[in-house]
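There are 2 protein chains.
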Amino acid sequence: MVSKKMLDLGNIRSGIRDIYEYGTKLAEKIGVENVLDFSLGNPSTPAPREVENTIRHIVTELSPKDYNSYTSAPGDKNSRLAVAKNLNARFGTDYDENNIFLTCGAAASLNIIFKAIIESEEDEIIVNTPYFPDYKVFIEGQGAKFVLAKCSDDLTLDIAELEKRINVNTKAVLINSPNNPSGIIYPKENIEDLVKMLNRKQKEYAHPIFLISDEPYREVVFEEESPEFLPNLYNNTLVAYSWSKSLSLPGERIGYILVPKKAIDYTDIFAAISGSARVLGYVCAPSLFQKVIKECVGVKPNIDVYRTNRNILYSALIEMGYVVPNPSGAFYMFIKSPNSDGRDFCERAKNYNMLLVPGEGFGMKEYARLSFCVDTQKVEKSINIFRILMDEYNKNN
Amino acid sequence: MVSKKMLDLGNIRSGIRDIYEYGTKLAEKIGVENVLDFSLGNPSTPAPREVENTIRHIVTELSPKDYNSYTSAPGDKNSRLAVAKNLNARFGTDYDENNIFLTCGAAASLNIIFKAIIESEEDEIIVNTPYFPDYKVFIEGQGAKFVLAKCSDDLTLDIAELEKRINVNTKAVLINSPNNPSGIIYPKENIEDLVKMLNRKQKEYAHPIFLISDEPYREVVFEEESPEFLPNLYNNTLVAYSWSKSLSLPGERIGYILVPKKAIDYTDIFAAISGSARVLGYVCAPSLFQKVIKECVGVKPNIDVYRTNRNILYSALIEMGYVVPNPSGAFYMFIKSPNSDGRDFCERAKNYNMLLVPGEGFGMKEYARLSFCVDTQKVEKSINIFRILMDEYNKNN
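Just so you know, the sequences run in chain order L and G. Heads up: the first sequence runs through residues 1 to 397, numbered per UniProt numbering. Heads up: the second sequence runs through residues 1 to 397, numbered per UniProt numbering.
Keep in mind the hints are simulated off the structure, nothing from the lab. Heads up, a few of these hints could be off.
One copy or any two copies: either way a pair holds, since identical chains are not told apart in the list.
Straight-line C-alpha distance at most 27 Å; calculated DSSO-like pairs for lysine-lysine [to be verified]: (1) Lys145 x Lys5; (2) Lys136 x Lys4; (3) Lys145 x Lys4; (4) Lys262 x Lys5.
Isolated chain L, as found in the complex (with noise of 0.2 Å):
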């Protein structure tokens, strides 16, 4: 009566949803305040100040038809050229508005990508483990074959691993640094061999592979150290892009992919991207984001919060004799379960009211995750309850 695969799809649902559905459940009978919800990547700080006025700004001083009407469907042209003049700013590149494909956010993004670039049933896109566990649902729903490639056990890309998952049916990576769920940005020495790698393996089975970033977390880093700006080293690289996490507008459904012309068929790609966002039913992206972005595109976003989080977490975590990477960026932090169960791990810190995700579907079921974008008093309030665990574990070995 209906598709077998979407019924599953709506049944099964993601992991984390059903988690933060539990919390609100629960938020509503211990209140909100006694509730430790650390499952849902939803900025806890708001749009940065210059969003929220230039939002009001257009609505107020514009007239509607002049922010609510169609745009073309790569998106206003005057908003892609200022994404494309961002981007030369910072990575000395030299893109304009025909290198930027306007969309409804990362998971529109992908989805376009994926559509665009796969051509038959045997086409298969790698993804490295841990892994955001959409990434599925996408490169399946869009009809190729999800590869799994191993992480070292820093959680940086292990190219070996890697490689030897590449065939001549492989056509796309996709990477995603600063990582969800373990806040790893791949180093500098990673993506190079990462990117010699597939240049060697392009040659010898003479085609492209694609190098797809998604990088929603890009501007979310906490040192100085920052992702690699990849179409500069590796030709055959698509930027997925979202301002979701990093001007806070997760609901806005607002972002960009990014088809440099140094592609391969550079003209063919940016095509298909625009025959697959029509195909999807992406008319346009929403259209008063566009002009909120054509202006905030420069805009910082706020991370003291997660920072501050991030430091009296990872050094409690520590302290106590978690394994745990120090996320360098994003807003997540992977969590090794003392008994290597990340289910039971999370099972546990339920009968706190402290919620995390199971790393299982992020491929690591050793592993918890835990956002810790909220309130830093809830940071605080954690950090009992994971010596708790700890201890629990430690009586009962």
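Use these hints to put chain G onto chain L, whose structure you have.
Just chain G now, with coordinates in the frame of chain L:
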């Protein structure tokens, strides 16, 4: 290197958008006031004052996190409830938030429905000619066969023709009333005949046949006559709605899917809709406009200009001897070319800087579509050109 299908789609693109872009370039050359551009269905009336005020109110009175945050995938509960209550008051139904799935506009609504119900490549979805061209793109894009049934000469549904197209593979019949491109509202008896026939066929093949009602123009009607509310007449109806035209918000991408509880296996359909929305990358409908809809779902559209334009054009064209059905709703007029060659008619109109869309893309090459969602002045200017064109054709005879 990329998907051939997506590449072709991206390159062919929408005929309507091509003409619109020709018009934009022409306007740069000879001035926008000298181009009679009737190509695009971009509402000429701004969003109603209540909508404008609500947008301003939200962004000035609420804090950014209150309106920029993620909502649940089907949308904010209160917004969905507001939509359900509005339908209940108008159509005597008993819907609640669990019948409404908010989407990024009509194209999203349709694609999500198609992806949810299509089970195999053998599945067929029947569309009535004349039809909105993207239906073909969407249905084929989501993997079913696109089947056409020709309307009667008066452009209402031809039930006998439709019945001939129904077979064991028929998954759904799609209708669109008020219709794009004709403005026709299918009359009550016409719909009743359709429902009888569908019920008979469901029995014959012992499986449900969905009736998909694409309703972006439901609110844009000129007289007492209004389109039937199909879920009250046929249980297996799925409604795809959008506020693009009724509230003049086409760029903001906001609409909904209605899944009535009376539909067979309602729970499975709603779950499959959720799965499909996720696979297509629709995380949630734009959050600010979800809030706007909550307050403005009952707001009446500004259609006075459209009615005036319709009246001026229709009486003038009929008086000149054109064959054209009188649009009861929407803002399109489907005009038969005097020599039954719609493309020729559009080319001749271009000589006078008047832009129409050839009927070919809508499945009827004898016709041309005119969008009268423009300033009345432009409609008045066009009258003389229609007269000149008719004279040209008369001379050639």
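Against the structure, the hints:
1. Lys145 x Lys5: So Lys145 and Lys5 pass the 27 Å test inside a copy (15 Å) and across (19 Å) alike.
2. Lys136 x Lys4: Both: 17 Å inside a copy, 23 Å across copies.
3. Lys145 x Lys4: both (18 Å within a copy, 19 Å between copies)
4. Lys262 x Lys5: The answer is between: 23 Å across copies meets 27 Å, while 37 Å in one copy does not.
In terms of the numbered hints stated before, the structure departs from none.
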